[in-house]
Amino acid sequence: MPVPAVTADEVVTVLHAQWTPLVRLATLLVDDQEAARDLVQDCYEAVLRLRPEVGDEDHLVAYLRRAVVNRARSALRRRGIVLRYLAKLRPHSAPPADRDLLTAEAHRELLGALDRLPPRQREVLVLRYYCELGEAEIARTLGIPPGTVKSTAHRALAALRRRMKDGTHEL
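For reference, each letter of the sequence shown is one residue, going 102 to 272 in the working numbering.
You may find that some hints are simply not true.
[Stated by the list, open to error] For each label pair, taking beta carbons as the anchor points, the in silico distance ranges come out as:
1. Q142 <-> G244: 18 to 24 Å
2. L212 <-> G235: 22 to 28 Å
3. G248 <-> E146: 32 to 38 Å
4. R262 <-> E154: 38 to 44 Å
5. L211 <-> A118: 37 to 43 Å
6. E135 <-> Y231: 31 to 37 Å
7. E154 <-> G213: 39 to 45 Å
8. L151 <-> R262: 39 to 45 Å
Simulated from the structure, these hints should not be mistaken for lab results.
Backbone N, C-alpha and C define an ideal beta-carbon position, used for all residues, glycine too.
Take these sequences, add in the hints, and give me the full structure.
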């Protein structure tokens with residue numbers, strides 16, 4: 102029996118309920134709240150336009166999380182290309198000053214160490230600790246086996262502990 106496509110009303114309901122958690126997820130992945138909002142908005146627009154056959158509301162939420170993660174990956178790839186190009190033009194550009202003003206020292210250090218993790222490790226930790234998802238939900242969101250979620254989280258946490266302990270923050 103085919104799974105029914107989502108309705109516009111279901112998408113709007115999920116939009117209201119999941120907007121903040123999805124923006125939070127995207128912000129942690131792309132480190133830019135405005136870009137995160139745009140990213141989540143693009144995901145909702147795509148879901149409204151495409152009406153995927155995802156079944157119930159829980160599957161729709163998982164589908165949206167996965168869409169946010171995928172779009173964040175794409176945004177980071179584009180950002181990397183732009184930053185490499187700009188680095189050639191301005192080899193000694195400084196990081197934005199407002200980030201230091203807006204966050205506490207320990208939080209900045211953690212975010213810095215998190216930013217230096219490989220993308221998959223960062224995604225697993227963000228979904229686990231910031232979005233409070235279980236291993237099965239993370240696996241479904243990222244399209245990987247639950248065992249991979251466990252091993253990736255273990256390696257990521259070990260790397261974060263090492264870097265936070267010795268103060269190098271280089272992963």
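Outcome of the hint check:
1. Q142 <-> G244: 18 to 24 Å: 23 Å, holds
2. L212 <-> G235: 22 to 28 Å: 24 Å, holds
3. G248 <-> E146: 32 to 38 Å: 34 Å, holds
4. R262 <-> E154: 38 to 44 Å: 42 Å, holds
5. L211 <-> A118: 37 to 43 Å: Given range 37 to 43 Å: violated, Cβ gap about 28 Å.
6. E135 <-> Y231: 31 to 37 Å: Violated, at about 18 Å.
7. E154 <-> G213: 39 to 45 Å: 41 Å, holds
8. L151 <-> R262: 39 to 45 Å: Holds: the Cβ-Cβ distance is about 41 Å, inside 39 to 45 Å.
In terms of the numbered hints stated before, the structure departs from hints 5 and 6, listed from lowest to highest.
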